[in-house]
Amino acid sequence: MVEIPLTHSIVLAAVLFLLGLVGLLTRRNILFMLMSVEIMLNAAGLVFIVGSSRWAQADGQVMYIFILSMASAEVAVGLALIVQFYKKFNTLDTDAASKLKG
Amino acid sequence: MNMADLLWIIVAMPFTIFLVLAFLGKKLSANLTAIIAISGTGTSALLTILLGWSFLGSPPENYSLSSHLWEWMNAGGLITSMSLRLDALSLVFIFVITFVGFLILVYSTEFMRNEEGYARFFAYMNLFIGSMLILVLADNLLLLYLGWEGVGLCSYLLIGFWYKDPANGYAARKAFIMTRIGDTALIIGLFLLFTEFGTLNIADILSAAPEKWASGDPTARLAAFLLLGGAVGKSAQLPLQTWLPDAMAGPSPVSALIHAATMVTAGVYLIARTHTIFELAPLAQNAVAIIGATTLLLAGFSALTQRDIKRVLAYSTMSQIGYMFLALGVGAWSAAVFHFMIHAFFKALLFLGAGAIIMVLHHEHNMFKMGGLYKKLPVIFWTFLIASASLAALPVISAGFYSKDLILWETFASASGGTQLWFLGYIGAFITALYTARMVFVTFFGKTKIEPTQRPGLRITLPLVVLALFSFAGGFIELPHTLGHVQVFSGLMQHALPHLEIRDVAESSELVLQIITGLTSLIAVGAAYVLYIRRRSWTDSIRNSTLVIQIHRFWNLGWGFDTAYDTLLVKPIVYLSRINKNDVVDLISLGLSKAMVYFNKLLVYTQNGKIRWYMATIALGAILTLTISILL
Amino acid sequence: MILAGLIFTLLIGGLFAGLLERRFKGIAKWISLLALLFNMGQLIRIWLGYSRNFLIGTNEKMYLVLRKPWIPEFGIEFHLELDGLGLVMVMLTGFLGLLSLLVSWNHVSKKVGFYYFNLLWTLAGIMGVFLAFDLFLFYLFWEVMLVPMYFLISIWGHSNRTYAAYKFFIFTQLGGLLMLLSLLGLYFIQGSESGVYTFDYWKLLETSIGPAQSSWLMFGFIIAFFIKLPVLPFHNWLPDAHAEAPTAGSVILAGLLLKTGAYGLLRFVIPFFPEAAQSFALPAMILGVCGILYGAKLAFAQTDIKRLVAYTSVSHMGFVVIGIFAFNTLAMQGVIMQLVAHGLSTGALFILAGILYERTGTRDLEKLGGLWASVPRMGTAGLILVLASLGLPGLVNFVAEFMILAGTFTASKLIAAIAALGLVGAAIYSLRIMQKVFYGTEKSKTSISDLTFMETIIIAAVVFLLLFLGLYPSPITKTVAPSVQEIISNTEKVKIGEVHQILYEEITLEAANGDH
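Heads up: the protein sequence lines correspond to chains F, R and W, in order. Oh and the first sequence: position 28 is 33 in the working numbering, straight run, nothing missing. Oh and the second sequence: position 627 is 628 in the working numbering, straight run, nothing missing. Oh and the third sequence: position 124 is 299 in the working numbering, straight run, nothing missing.
Calculated from the structure, these hints are not laboratory results. Predicted model only: the values in this text are computed from it and were never measured. Treat the hints loosely; a few may be bogus.
Calculated lysine to aspartate or glutamate pairs in the DMTMM-like style (CA-CA distance at most 25 Å, straight line) [unchecked claim]: (1) R/Lys165 with W/Glu450; (2) R/Lys582 with W/Asp479; (3) W/Lys588 with W/Glu450; (4) R/Lys165 with W/Glu541; (5) R/Lys377 with R/Glu452; (6) W/Lys542 with R/Asp205; (7) W/Lys200 with W/Glu533; (8) R/Lys611 with F/Asp64; (9) W/Lys618 with R/Glu365; (10) W/Lys472 with R/Asp567; (11) W/Lys542 with W/Asp625; (12) W/Lys588 with R/Asp166; (13) R/Lys611 with F/Glu79; (14) W/Lys588 with R/Asp563; (15) R/Lys213 with R/Glu502; (16) R/Lys165 with W/Glu533; (17) R/Lys27 with W/Asp625; (18) W/Lys653 with R/Glu502; (19) W/Lys588 with R/Asp205; (20) W/Lys378 with W/Asp479; (21) W/Lys542 with W/Glu630; (22) R/Lys370 with R/Glu502; (23) R/Lys448 with R/Glu365; (24) R/Lys27 with W/Glu617; (25) R/Lys450 with R/Asp541; (26) R/Lys572 with W/Asp479.
All chains, please: the whole structure from these sequences, using the hints.
This is the structure we're talking about:
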């Protein structure tokens with residue numbers, strides 16, 4: 006098995022993270038924003054996995070499981086909020102929901 | 002009954018009547034109100050005469066009576082009580098207050114008959130008489146101050162009695178506030194005396210003062226000047242005199258009682274009462290004489306130019322009190338009190354007469370619109386004439402001659418007086434006779450311009466006649482060496498007030514001076530006769546020159562004091578308070594809250610509610626942090 | 176237990192009034208009345224006992240004490256004591272509380288239960304402040320009186336109430352915070368000194384503090400009390416709060432809340448920091464004098480009758496400051512008289528202003544005038560109260576001002592003389608009220624009704640007290656005499672201490688000279 010160089014995985018993670026960030030910043034649909042957040046989370050998870058395999062430690066994988074569970078919880082709550090959000094504003098555009106501004 | 006017990010009954014009577022009228026005034030009929038109103042002071046007057054009789058007949062120990070009622074304040078070394086003390090000086094005062102007060106109340110029952118607030122008027126009048134009695138009977142300065150402020154209050158209430166006219170309210174407030182300025186000086190004087198002596202009991206202070214202070218001691222001088230401040234305010238002397246002419250806005254009986262006979266002489270009483278302090282402060286005592294002499298002249302000139310008959314009398318009152326101050330200032334204590342008494346009789350009479358005239362002439366105050374009244378209103382004319390003779394000090398036949406002559410002679414002869422002061426008083430006597438004669442001639446002689454609507458009734462004329470009797474005969478209880486040498490009054494006064502120190506003057510000069518002053522007042526009357534009856538054209542031609550018009554206006558407005566106070570004090574203070582109505586200090590906290598709101602606005606931009614914006618800033622922040630941590 | 180009863184009657188009464196009003200309409204005011212009457216009865220009973228005590232001449236320092244452990248870990252006790260000073264203040268609280276209840280009897284329309292809850296809790300807080308001898312407890316009551324007062328202003332006040340309520344709350348809270356800091360400072364200094372951490376008043380009194388520390392700690396207290404009093408640069412919350420509060424609120428604010436500031440100065444600042452306070456005396460007196468004159472000037476400028484009366488409070492409280500910092504018995508007695516006098520007369524003036532507002536719908540002096548003809552009884556009441564405010568002899572305000580000024584005069588002639596000018600100012604603004612409201616030409620055509628029976632009773636009660644105490648102030652001066660003596664003796668200890676030190680130095684000098 007050919008070892009994938011560490012840098013490749015990190016670059017991949019960085020690209021994924023940036024993709025997620027750009028998606029978060031450019032998309033106005035809250036559903037897509039949630040997805041972008043997921044991508045960013047997974048990018049972070051990827052770095053953990055890579056690190057874990059690089060140093061042959063289980064910690065990184067444990068962290069990834071944490072992230073995974075947290076992400077699922079977040080999606081559960083987030084989707085529920087999105088449903089309420091849609092009911093209230095009849096749109097999924099986040100800019101419409103700036104009622105909490107100071 | 003114990004004589005001392007009479008004292009508090011005399012004081013309590015008017016207060017009781019005040020309470021009765023204040024609580025029940027609305028429910029009583031006018032006649033009943035009138036009877037109740039005069040009963041209290043009437044009783045007090047009777048009791049005073051009774052008390053005076055026994056006081057003179059069998060004088061008590063030390064020539065004083067005292068009656069302790071209850072302890073007023075007792076804290077931190079300050080012990081004052083509600084105690085009354087009667088001596089010869091206060092006896093004269095309570096006699097005048099109750100007796101003249103009673104006559105004026107009788108007069109008022111008819112005079113005020115058709116006015117709204119009949120009961121209110123008498124309630125105030127009784128409150129006044131009660132307070133005035135406290136003032137002169139108080140055995141300590143604090144109680145005196147209570148009476149002092151009480152009479153000031155009544156003066157305020159009665160000047161503004163016809164409250165619907167804002168001008169009356171203005172005059173009332175002016176009177177109260179100007180006298181309050183003097184009162185403040187007085188109360189500071191009280192603090193000083195209390196700090197020095199640890200007591201406010203008058204007798205204690207007067208007996209301790211000569212031991213504590215040498216003559217001319219600066220503290221004594223300060224105390225005397227502070228007391229003088231109070232006296233000057235209450236007695237309408239320079240420089241706090243401007244309220245008195247305006248105070249004529251009140252009903253005429255008020256002017257007679259408060260602003261002629263009693264309250265305005267409270268200053269004279271105060272100085273006479275605290276004479277020891279003034280004797281220890283020669284500078285202050287000289288100031289009293291100079292203030293008196295100046296006021297009597299300024300007010301005399303002003304009286305000469307007034308057209309409103311009550312304002313003539315007001316300025317005349319100022320001028321006559323000036324004589325009393327002059328007498329006090331040269332140490333002629335007894336003469337001052339004597340003039341006070343005579344003045345109370347004739348000036349009350351003049352005001353009551355003027356009030357009656359004004360009443361029957363449709364509230365006309367301008368005497369140049371009156372005229373020819375001597376046939377229409379004979380009783381008023383004759384009584385008014387007697388009082389005027391007293392005011393003008395016509396020799397031998399009038400009471401005023403004896404009191405004023407006594408002052409002039411003692412001013413001349415006093416160790417602290419002298420020719421200059423005498424001369425000022427002498428000029429004043431001439432002017433007094435001149436304006437008095439002018440007033441009488443213009444009002445009663447010449448053509449009738451307004452027909453009187455009615456003849457005043459018995460309740461108005463009777464007090465006039467009684468007062469006329471006193472204005473005529475009152476002088477005979479104190480006659481000079483040269484004319485009979487009767488010394489009833491000064492014989493009484495010597496128990497309360499010290500003797501005059503006479504400098505070395507020739508015996509004969511007394512007679513010479515009497516003849517001079519007597520002739521002078523006759524000449525003045527003659528001059529007025531020529532100017533206002535015989536040769537009206539002369540007066541007119543004199544009055545047409547510009548200089549005379551200027552001076553006339555200046556005098557008429559009371560030597561510009563009002564204008565000066567207005568521009569120097571009243572206007573700046575009113576202006577200052579108007580521009581600072583919203584309180585500059587508030588700007589500090591207002592500025593703080595404004596700054597808070599401003600910073601809040603700044604921070605609000607960071608919370609615009611747009612999630613993507615938040616994300617961008619988070620990302621930016623993360624990048625920034627990373628960069629900084631890598632670079633460093 | 177009577178002391179705790181005084182406070183808890185009000186607290187529990189307030190709770191019941193607030194809760195039961197929902198169920199039984201109109202019951203809240205009766206419960207409040209019952210609670211206040213019960214308290215008044217207790218107070219009169221205490222006062223009778225107390226006066227017997229001082230009449231016989233027993234020399235008991237305190238009359239009533241209640242100590243119960245509360246949070247022993249921090250040395251906090253439920254500790255109430257009542258001496259002459261406290262008794263006078265508490266009686267004033269009871270009396271004015273009753274008045275403020277009676278004036279709101281038929282005039283509360285919204286949230287009735289909550290209104291009476293707040294009223295009683297404020298009063299309870301004030302009573303607690305006057306009774307607490309544990310500094311933590313004191314601070315607690317200090318806050319208890321503040322919050323309900325905030326609600327009273329912000330819910331039942333006039334048009335600009337929210338602003339006024341905020342301002343009032345922030346100012347007092349700021350002061351309270353500084354006081355808390357000083358209080359904790361005192362607590363820790365005393366604790367580290369003696370090893371026993373306690374908030375007990377008497378223990379803390381024994382703390383010896385260095386001069387620098389003591390002046391810092393003193394300023395914490397002083398600012399809190401100066402804001403409350405209020406003294407010149409901190410006074411500007413007062414006109415807003417007084418003018419916007421409902422009538423009962425104004426009565427309590429002017430009559431009682433301001434007094435807690437003066438009480439604090441007397442009870443805490445002077446005994447705790449006698450030296451620091453004496454070195455601060457001159458600036459404090461100058462502030463007081465400025466307050467007298469500045470307050471009078473502002474009162475003169477106002478056109479809103481409630482604001483006018485509010486500024487007169489600033490002026491009158493200036494006398495309190497100079498009296499306290501004159502450090503002598505006479506002035507101190509005068510200060511307590513002034514607290515009573517001002518509480519009664521200004522409270523009643525606010526009641527009268529409330530009645531006027533209710534009848535005419537305006538508080539603007541320019542729109543009023545000539546009311547004497549239609550409402551003579553109200554006019555008479557106004558006249559007497561105005562005369563009280565200008566310090567006419569015969570009314571208790573004069574007794575107070577005279578004592579203060581005479582006492583101050585022995586301490587500083589100039590300060591007393593300038594302060595006496597305030598009497599002229601008082602005449603000017605007071606008579607302006609009479610002129611603008613009752614005299615002059617009638618401005619409005621609609622005639623208004625005169626005082627009702629109840630209103631007459633309320634005002635007459637105040638007037639009677641003003642007159643009675645004005646002519647016979649001994650019931651108060653004698654009641655507070657031992658307390659005043661104690662406060663003064665504390666400051667005199669300082670003077671004696673100084674003398675000792677000087678003597679000691681002289682002796683050592685002599686000894687040094689003797690060696691040669």
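CA of W/Lys200 to CA of W/Glu533, is that 25 Å or under? holds (24 Å)
Holds or violated: are the alpha carbons of R/Lys448 and R/Glu365 at most 25 Å from each other? holds (16 Å)
Given the proposed pairing of W/Lys542 with R/Asp205, does the C-alpha separation stay at or below 25 Å? violated (53 Å)
Is the straight-line distance between the alpha-carbon of R/Lys370 and that of R/Glu502 25 Å or less? violated (49 Å)
Between the alpha carbons of W/Lys378 and W/Asp479, is the straight-line distance 25 Å or under? Not OK: W/Lys378 and W/Asp479 at ~48 Å, beyond 25 Å, violated.
Is it true that the CA of W/Lys588 sits at most 25 Å from the CA of R/Asp205? Distance ~23 Å between W/Lys588 and R/Asp205 Cα, so the pair holds.
Would the hint linking R/Lys165 and W/Glu450 be met if the CA-CA limit is 25 Å? violated (57 Å)
Assess, step by step, whether the Cα of W/Lys588 is no farther than 25 Å from the Cα of W/Glu450, and give holds or violated. Satisfied, since the Cα-Cα distance of roughly 22 Å is no more than 25 Å.
Between W/Lys588 and R/Asp563, does the CA-CA distance stay at or below 25 Å? Given that 25 Å is the threshold and the Cα spacing comes to 31 Å, the pair is violated.
For a C-alpha distance cap of 25 Å, please report whether R/Lys377 and R/Glu452 respect it. holds (8 Å)
Does F/Asp64 lie within 25 Å of R/Lys611 when you go C-alpha to C-alpha? The hint is violated at about 36 Å.
Can the restraint linking R/Lys165 and W/Glu541 be considered satisfied, given a maximum Cα separation of 25 Å? holds (15 Å)
The structure does not agree with the numbered hints 1, 6, 8, 9, 12, 14, 18, 20, 22 stated previously, though it agrees with the rest.
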